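**Q** One-letter residues, chain by chain:
Number of protein chains: 2
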Amino acid sequence: MIALQNITIIGNGSVGQYLQRNLSLHNYDIKVVTRDRGPSKSFQEKLASLKGTTDLIVICVSDQAIAEVSTFIGVGNAPVVHVSGATPLHHLSDKHAHRGIWYPLMSLAAGTNPTFTSIPFCLEATDEFTMQLLKQLTRAMGATAYEVDSEQRKVLHLAAVLAQNFSNHLYELAYLEMAKAGLDFELLKPLLLQSVSRLGKDHPAKMQTGPAVRKDQNTIHQHQKMISNQDTLEIYNIMTQSIQKRHDKEL
Amino acid sequence: MIALQNITIIGNGSVGQYLQRNLSLHNYDIKVVTRDRGPSKSFQEKLASLKGTTDLIVICVSDQAIAEVSTFIGVGNAPVVHVSGATPLHHLSDKHAHRGIWYPLMSLAAGTNPTFTSIPFCLEATDEFTMQLLKQLTRAMGATAYEVDSEQRKVLHLAAVLAQNFSNHLYELAYLEMAKAGLDFELLKPLLLQSVSRLGKDHPAKMQTGPAVRKDQNTIHQHQKMISNQDTLEIYNIMTQSIQKRHDKEL
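Residue numbers (the working numbering), protein chains in the order written: chain L, 2 to 252; chain Y, 2 to 252.
Note that these hints are calculated values from the structure, not bench results. It cannot be assumed that every hint is accurate.
Cross-link-like lysine to aspartate or glutamate pairs, in silico, DMTMM-like; alpha carbons within 20 angstroms at most [as the list claims (entries may be wrong)]:
| no. | chain 1 | residue 1 | chain 2 | residue 2 |
| --- | --- | --- | --- | --- |
| 1 | Y | Lys246 | Y | Asp217 |
| 2 | L | Lys226 | Y | Asp150 |
| 3 | Y | Lys216 | L | Asp64 |
| 4 | L | Lys42 | L | Glu69 |
| 5 | L | Lys216 | L | Glu235 |
| 6 | Y | Lys190 | Y | Asp217 |
| 7 | Y | Lys181 | L | Glu148 |
| 8 | L | Lys246 | Y | Glu235 |
| 9 | Y | Lys155 | L | Asp185 |
Covered stretches of chain L (in silico footprint by chain Y; criterion: 3 or more residues with CB under 8 angstroms from a CB of chain Y, positions within the stretch not fixed) [as the list claims (entries may be wrong)]:
| no. | region |
| --- | --- |
| 10 | 222-231 |
| 11 | 236-244 |
All figures in this text were calculated on a predicted structure; none of them were measured in a lab. Even for Gly, the Cβ is constructed at its ideal location relative to N, Cα and C.
Given the sequences, and given the hints that come with them, work out the whole structure.
**A** Dropping the structure here:
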C-alpha cells in the first residue's frame, strides 16, 4: 500500500467536480486548484506552490490546456496525472518524474452522476510507482482498473465514438421520425436497454436482427419510402449495405 | 372485465414459445397449434376446428404466412390477433368479426428472455371489444399497453431499425476495432448502458457528445486515419457530417 491521503484536483469542470465529490465521500483530503477571475493569487502561482503538499495531482482541465498546466506545476514527488481519453501521456511535462493517465470511460458531463463503482478506469503510467498508486486509488473507490496503453486508448476513444456518439445520433433520428408520427420515444427504451444489456455475452454480430440482416428487401423499400429526411435516408442506406456486406461474408 | 381464460397460440417459433411460457405462468389455459411434420391431423384442419373452443387466437407465424393462416381459422366469436410489428391489420381475414394486433416491442428471439412486465405492447383493433380484451390481457400480465395505429406502427418499426438494429451494427464495428487492438469490448458496456439509461428524460440531441458535435476536426482526422475498414470509414464520415449538420441547425 502506498500512502495516499491528500489529492489535488486541478480544474473545476464537470469531471473535476465529479471526482472531487466522490473522492471526498471516501475521506480523501481534496484540494481544488482553479483559475480565478479576481485579483487573488494567480493560477500559475498556485500550481507552482503545489510542491510537497500533496500525494497525487489530477489534472482535469480541457485537453488543449493539459500540456501547459503540467509545465506550471511545481516539481515534487507526487505523480501528475490527467483524465483525458484523447490526450497522450507525453503531453504531460517530463520535468515530473511520475506521470500517468487515469481515464474514466464514462460520461461525467453535467447532469450525469454515475455511481463511481460502475466506471472502468483506463490506466497508463511512466513508472510502476504511479501505476500502483492509480490502481490502489481506483480499487479503494470500488471501481475497476484496466491497463491501457496510449495506442489502445486511441482505439478505445474511436470505438466509444462509433458505439456511443453515433448510436446517440441514431436515437435522435429515430426520435424525429417518431415525433412526427405522434409517438412517445419512451416506447423504444426497453428494446434499447435490452439490446445493450446483452452485450458482452456474445459478439454483437450474433445479436444483429432486422430487415437488413434478414435481406427483407420489401421492408427495406417501405422504410426508404417513409424517410423524408435526406441525411437519415443516406444513413439508412449505408448502414443497411454495411450490415448486408458484413453478414454475407460471415455466412 | 371480459371473460378470458382459454388462449390459442398458433405457431411454435420463439415468439409463440415465449408467450406460451409466460401466459401459462399466469394461469391462462394455453392451447398451441403448430404445423405437423407427421401424418397427424393437418394444420389446416386444426385451424378450422378452433371455432368455439377459445377466447382469443394469437397468430405467431412468420409475417408472410399471417394472411393465409388467418383465412384457415374457423369463424367463431374469439378475436384473431397477430403479433407482428411489420404487418398491417388488414392482412387478417375479414371473415373474423374481431381482429387485432398485439405487438410486443422487444426482441423475443431465442436466447432472450425479457421479463414480461418490461415489454411495451402496441395494440390495434378493428373494434372496441378486441381492444378492451387486449388491454385487459396486457395489464393482467403486468405489461404496458399503448394504442398504436397501423401507420404509427410502421414508423415505430422504422425507428426501431434506426435505433436498435443500426446501433447494434455500430457496436459490431467498434468491437472489430477493439479486437484488433487487444481490447475487451466489455470495457465499453458501462458507457453504453449509461447512454441508453438516460434516454427518455431528454431529447437524445441534448445528450450528443463527441468530436463531431464539438467540431473537433483534429480528433476527427486522427480517427479517419486510424480506421482501416472502408465501410467503417464511410459510416464514420456520414455520421459525423449528419451530426454536424443537425447540430449546426439547432445552434
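**Q** Does each hint fit the structure? Answer for all of them.
**A** Status of each hint after checking the structure:
1. With a C-alpha separation of about 14 angstroms, the suggested pair Lys246/Y and Asp217/Y falls inside the 20 angstroms cut-off, and the hint holds.
2. Restraint check: the Cα-Cα separation between Lys226/L and Asp150/Y comes to about 19 angstroms, which is no more than 20 angstroms; the hinted pair holds.
3. Proposed proximity of Lys216/Y and Asp64/L is supported: the alpha carbons are some 14 angstroms apart, at most 20 angstroms.
4. Restraint check for Lys42/L and Glu69/L: satisfied, since their Cα atoms lie roughly 18 angstroms apart, inside the 20 angstroms limit.
5. Note on Lys216/L and Glu235/L: the hinted pairing holds, with a Cα-Cα distance of about 18 angstroms set against a maximum of 20 angstroms.
6. Taking the CA atoms of Lys190/Y and Asp217/Y, the gap is near 24 angstroms; set against the 20 angstroms cutoff, the hint is violated.
7. For the proposed pair Lys181/Y and Glu148/L, the alpha carbon gap of about 16 angstroms is at most 20 angstroms, so the pair holds.
8. With a C-alpha separation of about 13 angstroms, the suggested pair Lys246/L and Glu235/Y falls inside the 20 angstroms cut-off, and the hint holds.
9. In summary, the hint linking Lys155/Y to Asp185/L is supported, as the alpha carbons are separated by about 14 angstroms, within the 20 angstroms threshold.
10. Chain Y is given as covering the region 222-231 of chain L, and this holds because 4 residues of the stretch bring a CB closer than 8 angstroms to a CB of that chain, at least three being needed.
11. Look at the region 236-244 of chain L against chain Y: 7 of its residues bring a Cβ nearer than 8 angstroms to a Cβ of that chain, three or more, so the hint holds.
The structure fails hint 6 only (numbered hints given earlier).
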